[in-house]
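Take a look at the letters that make up each chain.
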Amino acid sequence: MVIFKLAAAAFVAVVLYLILKKEQPAFAFLVSAGAAAGLLLAAARQVEPLVGWLQLLDATLPGQEAGCLLRVLGVVLVAQLAADVCREGGMLAAATAAELCGRVLALMQALPMLQQLFDAYAGYLQ
Amino acid sequence: MDIDLVFKIAATGIIVAVLNQLLIRSGREDQAMMTTLAGLIVVLSMLVRQISDLFVLIKALFEL
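Chains as they are written, first to last, in our numbering: chain A, 1 to 126; chain B, 1001 to 1064.
Rather than coming from a laboratory, the hints here were simulated on the basis of the structure. One or more hints might be untrue.
[As the list claims (entries may be wrong)] DSS-like cross-link-like pairs, simulated, lysine-lysine; straight-line CA separation at most 25 Å:
no.	chain 1	residue 1	chain 2	residue 2
1	A	K21	A	K5
2	B	K1059	A	K21
3	B	K1008	A	K22
4	B	K1008	A	K21
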């Protein structure tokens, strides 16, 4: 099971983080950023078949909701990683800014879907 | 599961910490600073490669 390997990796990374925290805080932060990137890489590899299935579903659906949903998910994932890495390093203002960017870009990605909703809604009203 | 990157970063960090203490105790503070900077640059280049792989995978996966 992959989850046990991921949990063990996270545990080892935390121990190494704590060892380095007192002497070299810069390296401790790099260990935590590397662990976050590694775990997210492993998670992304695990989610690949699901995305393939979603793209299959996307072909059958009339609109292009699934593609839009996937893009929003990708944007939010990266923005959350950036915000949390900034927060880990102690830069709370930059973390808030990164989160705000993530929200705005996710909204931009979802605009076509909103447009479709309004068109359908307008169709009903007439 | 590429945990070896975390091990490499931690090993570099521990070596730099030990070297740092060694150099500071022997009175060479500036060289200690240089060693820390060198270690940081090496680790940063490794980390940037890992994060670029992550972003390439996410870009391909989520059609961004």
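Hint check results:
| no. | hint | result |
| --- | --- | --- |
| 1 | A:K21 to A:K5 | holds, 24 Å |
| 2 | B:K1059 to A:K21 | violated, 33 Å |
| 3 | B:K1008 to A:K22 | holds, 18 Å |
| 4 | B:K1008 to A:K21 | holds, 16 Å |
Going down the numbered hints, you'll see the structure goes against just number 2.
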